[in-house]
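What follows is each chain in one-letter form.
4 protein chains.
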Amino acid sequence: MNISVAILGATGYTGAELIRLVESHPHFEVAHLGAHSQSGKRAGEVLPGISGELASTLLAASDAPISDQVQLVFTALPHGAAAESVKNALDSGRKVIDLSADFRHKSHDTYKEAYGVEHPCPELFDEAVYGLTEFSRSDVADARLVANPGCYPTSTLLPLVPLLRNGVLDSEQIIVDSKSGTSGAGRSADRSLLYCEINEGLSAYGLPRHRHAWEMEEWANGFGQQSVSIRFVPHILPMSRGMLSTLHLSGERPETWHKILSQAFAHETFVNILPEGQLPSTQAVKGSNRCDIGVAVIGTKQAVVVSCIDNLLKGASGQALQNANVMFGFEEALGLSTTALWP
Amino acid sequence: MNISVAILGATGYTGAELIRLVESHPHFEVAHLGAHSQSGKRAGEVLPGISGELASTLLAASDAPISDQVQLVFTALPHGAAAESVKNALDSGRKVIDLSADFRHKSHDTYKEAYGVEHPCPELFDEAVYGLTEFSRSDVADARLVANPGCYPTSTLLPLVPLLRNGVLDSEQIIVDSKSGTSGAGRSADRSLLYCEINEGLSAYGLPRHRHAWEMEEWANGFGQQSVSIRFVPHILPMSRGMLSTLHLSGERPETWHKILSQAFAHETFVNILPEGQLPSTQAVKGSNRCDIGVAVIGTKQAVVVSCIDNLLKGASGQALQNANVMFGFEEALGLSTTALWP
Amino acid sequence: MNISVAILGATGYTGAELIRLVESHPHFEVAHLGAHSQSGKRAGEVLPGISGELASTLLAASDAPISDQVQLVFTALPHGAAAESVKNALDSGRKVIDLSADFRHKSHDTYKEAYGVEHPCPELFDEAVYGLTEFSRSDVADARLVANPGCYPTSTLLPLVPLLRNGVLDSEQIIVDSKSGTSGAGRSADRSLLYCEINEGLSAYGLPRHRHAWEMEEWANGFGQQSVSIRFVPHILPMSRGMLSTLHLSGERPETWHKILSQAFAHETFVNILPEGQLPSTQAVKGSNRCDIGVAVIGTKQAVVVSCIDNLLKGASGQALQNANVMFGFEEALGLSTTALWP
Amino acid sequence: MNISVAILGATGYTGAELIRLVESHPHFEVAHLGAHSQSGKRAGEVLPGISGELASTLLAASDAPISDQVQLVFTALPHGAAAESVKNALDSGRKVIDLSADFRHKSHDTYKEAYGVEHPCPELFDEAVYGLTEFSRSDVADARLVANPGCYPTSTLLPLVPLLRNGVLDSEQIIVDSKSGTSGAGRSADRSLLYCEINEGLSAYGLPRHRHAWEMEEWANGFGQQSVSIRFVPHILPMSRGMLSTLHLSGERPETWHKILSQAFAHETFVNILPEGQLPSTQAVKGSNRCDIGVAVIGTKQAVVVSCIDNLLKGASGQALQNANVMFGFEEALGLSTTALWP
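Protein chains in written order, with the working numbering: chain A, 55 to 397; chain B, 55 to 397; chain C, 55 to 397; chain D, 55 to 397.
Bear in mind the hints are in silico, worked out from the structure with no lab data behind them.
Errors might be hidden in some of the hints.
Identical chains blur together in the list; that is why a pair holds if it fits in one copy or across any two.
Derived SDA-like pairs: lysine to any residue, alpha-carbon spacing no greater than 25 Å straight-line [unchecked claim]:
no., residue 1, residue 2
1, Lys313, Gly106
2, Lys166, Gly305
3, Lys160, Glu177
4, Lys95, Asp244
5, Lys355, Ser281
6, Lys141, Arg191
Treat the numbers as computed from the prediction; the structure is a model and nothing was measured.
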């Protein structure tokens, strides 16, 4: 028997990716596509990648009723806008996976500092489970509300947490230099995202402190059991998908870090520690839910750790489906690929 | 029970795509990866997109034995080189899907004219089935040897054949202007294929007559029951995947052509006739096995028909798997996506 | 002594390119930058490619006065909007080069058919000189108002006109399949022009009849002294700059066409007929004002002629400067490059 | 009177860029193009961006004589191979600008450590002037042999040196995370540089220690009068041109660094300190000889400094011409653009 699913914010890039994943999943099925500003149109008019019956689905306004059969709601809405939809869905007895930032923080103050606004329903903070699946699997299994991690935090925390847990890092010397494909900036009609403004261009942004820095620090602490300070600089570059984070790290015995990471993820389907001396490429994970990680020791106290994900998969919708699998008791990797669409 | 499969020429782009498709297929499994020039290496050293056990598979030389359990061999080798491997596989009682051009022609003379060499085993020409699945499904089902169509012919013949069958085209006025992503040019270390030589570049090539022109004419005739002359100009452009063919056509009552195509493909999973007035984009089929087709009437006797495929899927490995499904009695669409990896 | 120049519509892609060209020209200098919607900002805030004093120039509103010293006005405004600015500039005694479509047609009816609106000042039609420099040099020299050709017509007419003049073409069998880089679509914040919607995508558009088809036919006739019918299909592809037009032509003795074109342009700086058998690439003309043309005979009555330009140079601002040089008696190639920025 | 110039290694990307620059320079002219492996061909056969007479120039073998009139030789050859050509040119009384790494180091040991080979003519080390023009202008003016800096060192040293000179940096906490367009990897037919292997891909390379790290440290020390340790991680990304270096720095009073840099470069044509709070983009310097630098204070002891250059201009051939201007007493900016080819 299939589980009916609603996707709110269906016409953004993460929404589109959720549709693709849910459609090919053996036990979930798309029952509702919300896209307020496009409501009344057929999904296929706005989402060129789909076809057939799915393309004929009417896009629903945000106040349109959701069928009682829907058991799971994905909210792929902007932060701030997501919270209310999340609350409504929970109130009507459904489970929710929220891809926005609205429930990623435990403290209202941190949320306010990072996002500059009051949160509309902080009472849900306690219940929300931060769904970096590899580190919160059992909590996700029992959750009503999963806060799906941001793309930068996912690519950073996966390699960082095991090193923190092993106590080998200098927690004041963590520098994360991240590079993201343009789909991470969303689908709004913004001149700075035009093809001709991005192509052959590369730039840093979000300084002095990008919102994801708070999220990284909170969960490095939460999962890594160590208070850390992270200097984080994100960049945007001319690719559609892909994220690479370069972690410039200091600490003890970096020659042991490759082994620490290998052991930490030995039984994980989606985290792939490359052989020593090899460094990952975003191309190798495009279209897959994998996170590839490489380690290079560059001194007696220093190493560079590089991680790659597809920002729309392990960095967003793929991890959301991974969490959905856990929440509904399916095999965690169901409907997710470990092989890239390459080239 | 799974069917074991060998892929010869596993480290080119079509070979890599076959691996991806076979790996995620519920009834086929990869049992042998041939890659003569890379033999002895692990697959993952040469193919960055794969991981895990698959990445550990040893690449086999061309004279390495293939397990008796292998029932199906995909040959993704250069034309000329494929023929012998095809013959060997047939002789040892296996079925073969050949992605090269070696068995796409019915006449030895045409082959020689198009490829400039003698064919090593023309005795197999009669047996080979040209596997443009939508037009040769029943023959494929019974075939030992399927010649998988070229990418340009696939994108051209799908819209052309139904119009020819309906007798509405001026068969002397067929102009096909095609544009291909760079993966169509293969993976050899050729300076003209370097990133910096392709990026921001677009050019025509293969004139006065590209090899695929013979294939198009032969099968336009074969499937369309009409002798035709095709003026074909291919171009290469800066994308990895994707092929768009613009057919400049003349004939009778072009206002009926959209309906002719819609009816011809009404029950096809992978051919998608867009609503009147809409034109397809390669982006919308990337990663899918779909062919999207649009029709624009531009005069009382003239129309433009545009078709888009992913050259590595419907134009090569996807169609090969589609044929494999037919040959082994599986549902034709099994393991193939109709939704694009978008964006 | 320098000639002061105003550029209206300075912050679009053609405007930006004009600024670059005028700035490095030995005898022209930028005296006024109009950009109504951005007025009050510094040029450098909107145009990242410039620096220094030029970047500090204030952008002027459309009703801001233009200094009396300005002798030449470039209007790089949308069609319809340009006409009034053109008229004002002429009335105040300046010369004008209009990069819009507003004065490219001789007949008001044709303009209305192509652009769907009444023209605000058709009285200027007679005076305007269509500035395809190679064919209208002497008229441009004497003009007060030059209508700078469109990019598609420029890339098409350069190879077409000499063949028409020689009477070798079948004038009813002209098919032009053009492909344009994305800068040709302008700089407005349109979702369909976002990086992620263009990258890895290719599509045809503008059917059944793109506006430039009227312009091509009018001037094929005007310069070529022969009434022609052109089937024109434009495409947009993932590059910033570059335009390639593939002309599928029929006629008499195509083996003589290479010579006809070579002779026609033997003394032209910016038109480059490639050796027989060679086909041009957009990469080879990027950043230059060149038009590269190749000829491939494909039958006893048929040939393919391919032309490449940088759509922002020979297709727009470069040709505008070429015309400005002619209007003011400077060497025609002054400030224009024949060498590409390659790669 | 023009100065005749030879370019050895003319068919690589830096060689091609030198040709473009020299050709449009008012006082230099191309008299000899060396390209050993392509010798006997016309330049235009190998370099698509040039045309006309220049394209007809015969490419010379490495043992071909160079005309006595040639006063300046640019060597754009691989390290190791350049040294001998440099020596020969000096011996025949010419000035030399060497774009290879062969004369960038003062110590033979450092050279050997970085490049892993014995240097063929270390006796020239003393004479060679490291030509980071902004810091070595007067030495360049008197030099016979200028070692043109590497692209990564140029983008790093320009912002770093003034901060070192002011003593505000913690010299043990310098992390440089650089990203380079693919032209930086050269034009050899290497499968890893194919379009399909680079497009949509991003990766780090060169670890644990890239050769340019030695060069950076040596000249940070040389120009900055302070011994430093630099952790350097380069990346390659899918653009043709462009380099961005992100400097993660620690030290005293970072709020003063913007002013330090602004003052240091107040009178420089090619170094552009962006207004506080603004960060540079590679797109804004493409085709120009500029280095754009932005500063973001991110803590009481920390700042991020980002610099952008076109790796083929300020990072290679543009700086070489800048040095040539200084060596021959021309205005330093002659023939070099401060405006980008944008977009």
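Please write out, lowest number first, the hints stated earlier that are contradicted by the structure. Structure breaks hint 2 only.
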